[in-house]
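Student: My request is simple: use the sequences and hints to build the entire structure.
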Amino acid sequence: MSGKDVLIQVRDLEKHFDGGSIRALNGVSADIRRGEVVVVIGPSGSGKSTFLRCLNLLERPTGGAVVFDGVDITDPKVNIDLHRQKMGMVFQHFNLFPHMTILKNMTLAPMKLLKKSREEAEEKALTLLDRVGLRDRADAYPSQLSGGQKQRIAIVRALCMEPEVMLFDEPTSALDPEMVGEVLEVMKDLAHEGMTMVVVTHEMGFAREVGTRVIFMDGGIILEEDRPQELFAHPRSERLKTFLAKVL
Amino acid sequence: MGWTAWCEQLLIQAQGGSALGPWAELNKDFYQAFVQEGRWKMYLEGVGNTLKVAVLALILGVVLGLLVAMVRTFHDQRREERPGFLLGILNGICKVYTTVIRGTPMMVQLLIMAFVGFKSSRNLVGVAALAFGINSGAYVAEIIRGGLMSVDAGQMEAGRSLGLNYIQTMRHIIIPQAVKNILPALGNELITLLKETSIVTVIGLRDLTKAAQLVTSKTYGGFMALFGVALVYLAMVMVLSWLMGRLERRLRSSER
Ligand SMILES: Nc1ncnc2c1ncn2[C@@H]1O[C@H](COP(=O)(O)OP(=O)(O)O)[C@@H](O)[C@H]1O
Ligand SMILES: [Mg+2]
Numbered sequence: 003m004s005g006k007d008v009l010i011q012v013r014d015l016e017k018h019f020d021g022g023s024i025r026a027l028n029g030v031s032a033d034i035r036r037g038e039v040v041v042v043i044g045p046s047g048s049g050k051s052t053f054l055r056c057l058n059l060l061e062r063p064t065g066g067a068v069v070f071d072g073v074d075i076t077d078p079k080v081n082i083d084l085h086r087q088k089m090g091m092v093f094q095h096f097n098l099f100p101h102m103t104i105l106k107n108m109t110l111a112p113m114k115l116l117k118k119s120r121e122e123a124e125e126k127a128l129t130l131l132d133r134v135g136l137r138d139r140a141d142a143y144p145s146q147l148s149g150g151q152k153q154r155i156a157i158v159r160a161l162c163m164e165p166e167v168m169l170f171d172e173p174t175s176a177l178d179p180e181m182v183g184e185v186l187e188v189m190k191d192l193a194h195e196g197m198t199m200v201v202v203t204h205e206m207g208f209a210r211e212v213g214t215r216v217i218f219m220d221g222g223i224i225l226e227e228d229r230p231q232e233l234f235a236h237p238r239s240e241r242l243k244t245f246l247a248k249v250l
Numbered sequence: 250m251g252w253t254a255w256c257e258q259l260l261i262q263a264q265g266g267s268a269l270g271p272w273a274e275l276n277k278d279f280y281q282a283f284v285q286e287g288r289w290k291m292y293l294e295g296v297g298n299t300l301k302v303a304v305l306a307l308i309l310g311v312v313l314g315l316l317v318a319m320v321r322t323f324h325d326q327r328r329e330e331r332p333g334f335l336l337g338i339l340n341g342i343c344k345v346y347t348t349v350i351r352g353t354p355m356m357v358q359l360l361i362m363a364f365v366g367f368k369s370s371r372n373l374v375g376v377a378a379l380a381f382g383i384n385s386g387a388y389v390a391e392i393i394r395g396g397l398m399s400v401d402a403g404q405m406e407a408g409r410s411l412g413l414n415y416i417q418t419m420r421h422i423i424i425p426q427a428v429k430n431i432l433p434a435l436g437n438e439l440i441t442l443l444k445e446t447s448i449v450t451v452i453g454l455r456d457l458t459k460a461a462q463l464v465t466s467k468t469y470g471g472f473m474a475l476f477g478v479a480l481v482y483l484a485m486v487m488v489l490s491w492l493m494g495r496l497e498r499r500l501r502s503s504e505r
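Order-wise, the sequence lines are chains L and V.
Each residue of the first sequence is one higher than the one before, starting from 3 at the first, in the working numbering.
Each residue of the second sequence is one higher than the one before, starting from 250 at the first, in the working numbering.
Be aware that a few hints might be false.
[Stated by the list, open to error] In silico lysine-lysine, DSSO-like type, Cα no more than 30 Å apart, as pairs: (1) V/K444 with V/K290; (2) V/K301 with V/K368; (3) V/K290 with L/K106; (4) L/K88 with L/K248; (5) V/K429 with L/K114; (6) V/K444 with V/K301.
No wet-lab data here; the hints were simulated from the structure.
Tutor: Rendered as structure tokens:
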């Protein structure tokens with residue numbers, strides 16, 4: 003693959019908390035190419051969330067660089083808000099805006115940032131709601147939805163900004179088991195459409211089915227990475243073997 | 250014979266040493282406390298001063314509180330993103346302000362303001378309003394800050410991850426949610442403020458409480474005047490709580 007296909011280039015990423023006493027990331031490097039679905043796995047506390055949150059600078063790295071679309075966004079002079087518009091993020095706890103209707107949740111950012119008219123923004127939102135089968139909930143408030151519905155809304159809310167990459171931090175971990183499937187379906191559709199995705203998850207089935215690459219993190223570094231079939235079939239490190247034995 | 254004339258007569262009888270029946274006694278006390286020599290005008294003036302101090306202090310308190318809360322919240326939330334020397338200094342000043350004001354008695358602050366700060370000022374309402382406003386600002390700041398902090402951190406992250414900047418996220422996402430937590434506490438603060446203003450008597454301002462004191466000392470006793478002003482305070486507080494309740498309900502119904 004040629005270098006220009008790389009959408010996010012992560013170089014020697016470090017994140018230390020509390021003045022260095024907590025080392026969440028200890029030199030992580032990775033290239034995320036357009037159209038890739040990178041699945042990040044690893045035990046709790048291994049730095050997966052921190053890694054993901056450093057990609058859009060919700061967490062400011064203490065070392066290294068994140069180059070997004072050719073721009074080093076860790077440079078303090080860069081206007082990060084502009085770049086975040088192109089990086090959608092989905093959280094474990096949905097983080098919908100409880101004081102707004104679903105439609106308002108979805109149209110706020112496009113209207114403020116992409117300067118779309120209300121009609122344009124709502125049309126786009128309704129089309130996306132249709133796709134996830136929730137058009138009839140457009141005027142509902144988040145508190146009136148189930149967890150699975152909330153997470154599907156959170157995904158399409160991010161899609162309303164027409165991002166170039168979607169970041170997912172354990173999107174199904176807070177859901178009741180019977181709702182995991184509906185959310186994974188939406189994510190799989192997205193992957194099949196060619197969306198670039200970075201997904202932190204414990205859903206190994208998802209990784210196997212749509213992941214183009216799996217990254218195994220432990221102790222704040224990438225311990226192994228490979229295509230899912232390879233990684234799951236031939237884990238090299240003891241840590242990965244132990245981890246897989248627990249989750250598979 | 251009219252009620253006024255009857256009460257005048259009762260007064261003379263009482264001065265003459267004759268015992269009155271309980272009903273007659275009550276009427277005489279009431280007359281003496283509120284009607285005789287146009288005393289009700291003193292209460293009216295008192296209520297006026299009390300309200301002036303409370304309203305001016307409220308305005309000053311909310312403005313100060315907002316500014317301080319903004320500096321403190323901005324500093325705490327954006328330290329990592331935009332560290333700034335100036336912001337650090339401002340934050341330090343705000344911290345000292347809230348600590349000192351909340352750590353010393355209101356009475357002492359008022360006395361300092363009146364007898365050290367503005368020793369020669371004759372505008373007692375202004376001095377009192379300033380003292381109460383500065384005091385209230387510290388509490389309002391903490392109320393607003395607490396309200397903003399009580400909104401789940403995920404809300405700020407969700408707003409920022411969409412590309413909204415800090416101000417936009419605050420305005421459209423955080424503040425509308427915080428207001429629901431802030432308003433009831435702010436209402437309480439306002440009620441406390443209104444009642445607390447009764448201590449302005451120590452600097453000689455003729456507020457509602459002072460009116461009762463003056464009348465009581467002039468008429469040698471009688472609890473009528475004190476009970477009367479207590480009732481007026483109670484009425485003002487009840488009107489305030491009713492207004493706050495309406496405002497809260499209005500907000501809630503427009504949101505959901
Ligand atoms: N805001 C924070 N302050 C201090 N330590 C943190 C913070 N966020 C994460 N950490 C620490 O960093 C390490 C990695 O955390 P995280 O990235 O959340 O792991 P994971 O998502 O893999 O469970 C953990 O030890 C965690 O306690
Ligand atoms: Mg995590």
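Student: For which of the previously enumerated hints does the structure constitute a violation, in increasing order of number?
Tutor: 3, 4
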